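Colleague: Now for the letters of each chain:
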Amino acid sequence: MMHLRTLLLTLFLLLPGLVAANGPLTIAAASDLRFALDDIIEEYEREHPDDAVRVTYGSSGRMTTQIMNGAPYDVFFSADIAYPQKLRAEGHAVTEPEVYAIGRIVLWSNRMDASEMTLEDLLRDDIRRVAIASPTHAPYGVRAMEALKSVGIWEDLQPKIVNGDNIAQTARMIQAGGAEIGIIALSLAEFPDLAEHPHHLIDDALHEPLTQGFIITRRGEDNATAHRFADYMNGDTARDIMRRYGFVMPGEELPDDATR
Amino acid sequence: MFELSPTDWMAIEVTLKLAIYTTLILLVIATPIAWWLANGRAPGGLRTAVQALVALPLVLPPTVLGFYLLVLLGPAGPVGSTLESWGLNHLAFTFQGILIASVIYSLPFAVQPLQQAFANLGRRPTEIAGSLGAGRMDRFFTVILPMSRGGFIVAATLAFAHTLGEFGVILMLGGAIPGETQVLSILIYDHAEAMDFASAHRLSLGLLIFAFVVLFVVYAINRRFDTVRL
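Top line first, the protein sequences correspond to chains H and S.
Going by the numbering used here, the first residue of the first sequence is number 1051, and it counts up by one from there.
Going by the numbering used here, the first residue of the second sequence is number 61, and it counts up by one from there.
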């Protein structure tokens, strides 16, 4: 207790942290990338051992709000290009939003054979809860809502709908038993743990495309790693990994065997 | 079973750093507040108001606190924009930001045990020491501090333990940046979300055991002093 001065000094030493630092590359990424991007970063770090990359996953809407509020992310991979476009328009991005993949939505369950089901089956009495991502700030939730509206069951399904904060949490809600079935990203349904259970690929004519875009933020402008990683995302290694997780690459079609 | 990843270690480091700094800062600022609340000469209404203010984090949803701090400390907020205009960084999504949040969030847990200890002590011992010629600092370090040692131990422990368990405020204000604002509670949430239940389980169990040991040690020490009971 006599060392009050030492304590104050220590606290003072914290202050330099306030000054802007160009540390490692910090990525904000939509939750549908959770497994694919982890693999890509692993490959990237193997090829660029001097670059440190850290990543935070969440819903694209929340990430956008955080970036507007000054969150220290250098690159932002959104599940919906509308968010990066908004950031660009409001001066938070230094690059034009670039499409890196098209996402797809699927019906998935670990208790019933979703591959044998259609969206209309969700009204069945033996299904009490249907999980989707929150349509207010998660792009996959918006697309799920559009698809359910297109087949005309959105209103009737309301009492059964439970919302996940983001698409990964939605998948977990189903896996943990909170909902019997739900609409999740194909990229998550292709993750080994979840791929044990079959899914039903939802016709992409039923919803607007999940055009996924990324930007480099104002903060990442001078971060060389940010630009290097952005280039890497367009390279063959990253695209192969993305394809493996069921993402459609810009200008390509989903291979037939993806619908199992 | 207990192999931790580099991300886990980073989160442990951030969490411990946060809890230790929070506890130290709280001991410094909670002591005068608690003394004033216990023995101050202020009118009753003002004292009640301050007491209510200090206890607010107990009842407010952490998201409310997190939201206001985000507004206040972010680049557009009064504090954040002032810092920016001085060429510094705003505090949202930084370690300093969650440190400020933790101090506010755990304030009642430091103030209340101290207040109780000081109230039990009363003004008498310090007045006697004063009449014997002890200065203010001397009175504090040689009379108050040793006599309410138990209160300090409980205050420090509760502040420390409560910071370990913080979640909602940091979720709002921190953004889960590894090595910066990703504390253990957030990382456990993240592991669960990634369906990495083995990692979530490892960290949860570790935190559970650690929390128990901390409390056990404190209650054991506290029983020896037996000055303050919770």
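Treat the hints as calculated values from the structure; they're not laboratory data.
Just to be clear, a hint being listed does not mean it is correct.
[What the hints assert, rightly or not] One side only, chain H facing chain S, incomplete, derived with CB under 8 Å:
1) N1119
2) P1122
3) A1218
4) R1222
5) Q1225
6) D1243
7) H1277
8) R1278
Bear in mind the structure is a predicted one, so any value in this text is a computation, not a measurement.
Backbone N, C-alpha and C define an ideal beta-carbon position, used for all residues, glycine too.
Colleague: Indicate, hint by hint, whether the structure satisfies it.
Modeller: Structure-based check of all given hints:
1. N1119: Interface hint status for H:N1119: holds (4 Å vs cutoff 8 Å).
2. P1122: With a closest approach of 6 Å, the H:P1122 hint holds.
3. A1218: Holds: closest Cβ of chain S sits about 5 Å from H:A1218, inside 8 Å.
4. R1222: At 6 Å from the nearest chain S Cβ, H:R1222 passes the 8 Å test, so the hint holds.
5. Q1225: Holds: closest Cβ of chain S sits about 6 Å from H:Q1225, inside 8 Å.
6. D1243: holds (6 Å)
7. H1277: Check failed: Cβ of H:H1277 comes no nearer than 20 Å to chain S, outside 8 Å.
8. R1278: violated (19 Å)
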